[in-house]
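Protein chains: 2
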Amino acid sequence: MSVLVDSKYLKNFTQAIFERMGCPVDQAKVAAECLNQADLRGVDSHGVARLGGYIRLWEKKRLNAQPNIRVVHETPSTGVIDGDLGLGLVTAPEAMKLAIKKAKQAGTGWVAVKNSNHYGIAAFHAMMALEEDMIGISMTNASPLVSPTFSKSRFLGTNPIAVAIPALNEPPFIIDMATTTVANGKLEVLQREGKDAPLGWAQDKDGLPTTDSFALKNGGSMLPLGGDRLHGGHKGYCLGAMVDIFSAILSGANYGPWVPPFVAFLDPPNDPVGDGIGHFLGAMRIDAFRPAGEFKSHMDNWIKTFRNAETIEADKKVLIPGDPERELTIQRLEEGVPLQEAVVEDLHRLAKQFEYNFNPEQHA
Amino acid sequence: MSVLVDSKYLKNFTQAIFERMGCPVDQAKVAAECLNQADLRGVDSHGVARLGGYIRLWEKKRLNAQPNIRVVHETPSTGVIDGDLGLGLVTAPEAMKLAIKKAKQAGTGWVAVKNSNHYGIAAFHAMMALEEDMIGISMTNASPLVSPTFSKSRFLGTNPIAVAIPALNEPPFIIDMATTTVANGKLEVLQREGKDAPLGWAQDKDGLPTTDSFALKNGGSMLPLGGDRLHGGHKGYCLGAMVDIFSAILSGANYGPWVPPFVAFLDPPNDPVGDGIGHFLGAMRIDAFRPAGEFKSHMDNWIKTFRNAETIEADKKVLIPGDPERELTIQRLEEGVPLQEAVVEDLHRLAKQFEYNFNPEQHA
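These protein sequence lines are chains P and R, in that order.
Read in order, the letters of the first sequence correspond to residues 267 to 630 in the working numbering.
Read in order, the letters of the second sequence correspond to residues 267 to 630 in the working numbering.
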């Protein structure tokens, strides 16, 4: 069962909770916007449902509500930011702002972030580049749940990559993908429904193929994009590894099995190899390559061409990256965001803890 | 049946043929080095076996042996190169040199190339950054053989991505992957052996799953990394699309179905949307982020940690990207490069055409 709640109401609630946790107003606002975009775009696992997770990290003193976010190193086209254990929801947009500023002057800007926390959906940060006529790139490492090919060790996160590319009259092209076969949220949906997972999504604790949607909870691990070796799983492992290295070894954050878990009930390793988790953000000015108008008109042609590719089944049209999320955003802005009962209960607990008058039922 | 031929002999032969085609000596040399590295690294489809393909493009006047390679646009961290229809084997290293030069000054360098041809293995160009203590990135679009998810149109190439990252005492971390489940060369191996392909590699002309290793020749298409939608094939489609856009729309080359086919017996579309095919090369100076020694010692730790991940089967160790190619290089430098009989015959034809005294049997 789920209830529909007005997205703006949820955003205001989220901002208020972050403020009461101690965040400065502007930081609470951008953090709330990031979670809200996840809810609108259909990434339910990364929206308001995750708010309690951040609070619990803060209670454990693993998250700093008033970070001193500092640029610790820079060149004309690069920078490194120390997030001071703040919300990734806040440090990543700061890093993207710096990348955009660098790109304005040097053509491109690339910023690695250390000492951060979970940064929400990757696309939110990449999309900041669009209004500047830039290509935005965003990636982050994450709690280790994924095994390298031929291994049963959980050594990588779902390590997403987002790429946002502007078009002219067509909507922008927006990739936002975990480098695993599926995001963890997809397994959680199957768990709630008591359903099995397709083969290729996860392996059991012995590294054998499994359809158990609870595989992770039973000591198993997620599989890199591609699944097993025969189907290219080693390429997903490569991509996840690249994200880990760009995000954490360039910046000085924790990598691989040392990445602190998002869930507060699991302690981080006591022998860290860096600070917090890491992100990597990039911005490339279109007109550092060719006039933006030319580029964007070819993007329109690319998009229209691919949208009109010959379909296999009449009812399944060919999609452009970003299409499903954009359609869902329009729908959810109108109809509201569907929240699972367990999520609503968790939000009520948070509201009580922070003395906020939370009435989702009156904002459907 | 295959014969083993000394790799240096093959490299000298390749350089001589390129010279006799009209390439300047230094360009013939780098082109031969690129094909040779493919043979050593085990990418047999991109080595000397492909030499005849370049010659046939040149005969059709689709390849310029004496190109005027020009930088047509630049900013402190970016550049665009017009390859003047030269060998991609030559224009891509030129572009990488420019990217490295930019990175020395601005921290990173990013160069898009138009009006080029097939550039060999992606890793060759990315690896140029290693000796400069930089991360190298290389991608290219290619002959359209791959269908977007839910489509049976061949709209994308196998569009590879290579990333080369230096370590300290460990060998470098080197990704070189097609953004499809497998590279086309893997299908060709099965064809020669008369074997079926696993499900998830290709689809037939109606877009249905197939195990036909000749699917491409029968009007079918290759599948993006991940295979079908349920197993994340839309993510492989996203990655292939990104490579196409970075390589061709940023540079002004042909993209999607307009990419000129590598095989000379297929004519390019008569309504081009750009010039030749496109590449995208990048170089990031490590110490634009943190001291190179620090970074590389953490890379060693990353590599050792992953190499020692717990295995599923005792006889299958966990690999680091680049391991298999490095091991094969050592072996082939010693034992020689295995060439299929059909390849040897093709090389004899080329030798005759260019009046070169070719004796592979005496250089085993």
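Simulated from the structure, these hints should not be mistaken for laboratory data.
Some clues are possibly wrong.
If several chains are the same, the list does not tell them apart, and a pair holds so long as it fits within one copy or across any two.
[What the hints assert, rightly or not] Here are the simulated BS3-like cross-link-like pairs (lysine-lysine), alpha carbons at most 25 Å apart as the crow flies:
id: 1; residue 1: K570; residue 2: K483
id: 2; residue 1: K583; residue 2: K618
id: 3; residue 1: K471; residue 2: K582
id: 4; residue 1: K618; residue 2: K370
id: 5; residue 1: K583; residue 2: K471
id: 6; residue 1: K562; residue 2: K370
id: 7; residue 1: K326; residue 2: K583
The model shown is predicted, which means the values in this text are computed figures rather than measured ones.
Is it within, between, both, or neither for K471 and K582, if the alpha carbons may be no more than 25 Å apart? So K471 and K582 pass the 25 Å test across copies only (17 Å; inside, 36 Å).
Have a look at K570 and K483 and pick one of within, between, both or neither, based on CA distance no larger than 25 Å. Neither, since 43 Å and 27 Å both go past 25 Å.
One pair to classify: K583 and K471, alpha carbons no more than 25 Å apart. Within, between, both, or neither? between (38 Å within a copy, 17 Å between copies)
Is the C-alpha distance from K618 to K370 at most 25 Å within one copy, between copies, in both cases, or in neither? Cα proximity of K618 and K370: none, with 45 Å in one copy and 55 Å across.
Within a copy, between copies, both or neither: where do K583 and K618 come within 25 Å Cα-Cα? Cα proximity of K583 and K618: none, with 46 Å in one copy and 52 Å across.
Could you place K562 and K370 in one of the four classes (within, between, both, neither) given a Cα distance threshold of 25 Å? Answer is within; shortest intra-copy Cα gap is 18 Å, inter-copy 30 Å.
When no copy is specified for K326 and K583, does a C-alpha distance of 25 Å or less occur within a copy, between copies, both, or neither? For K326 and K583, neither the intra-copy (47 Å) nor the inter-copy (38 Å) Cα distance is at most 25 Å.
Violated hints, in rising order: 1, 2, 4 and 7; the structure is consistent with all others.
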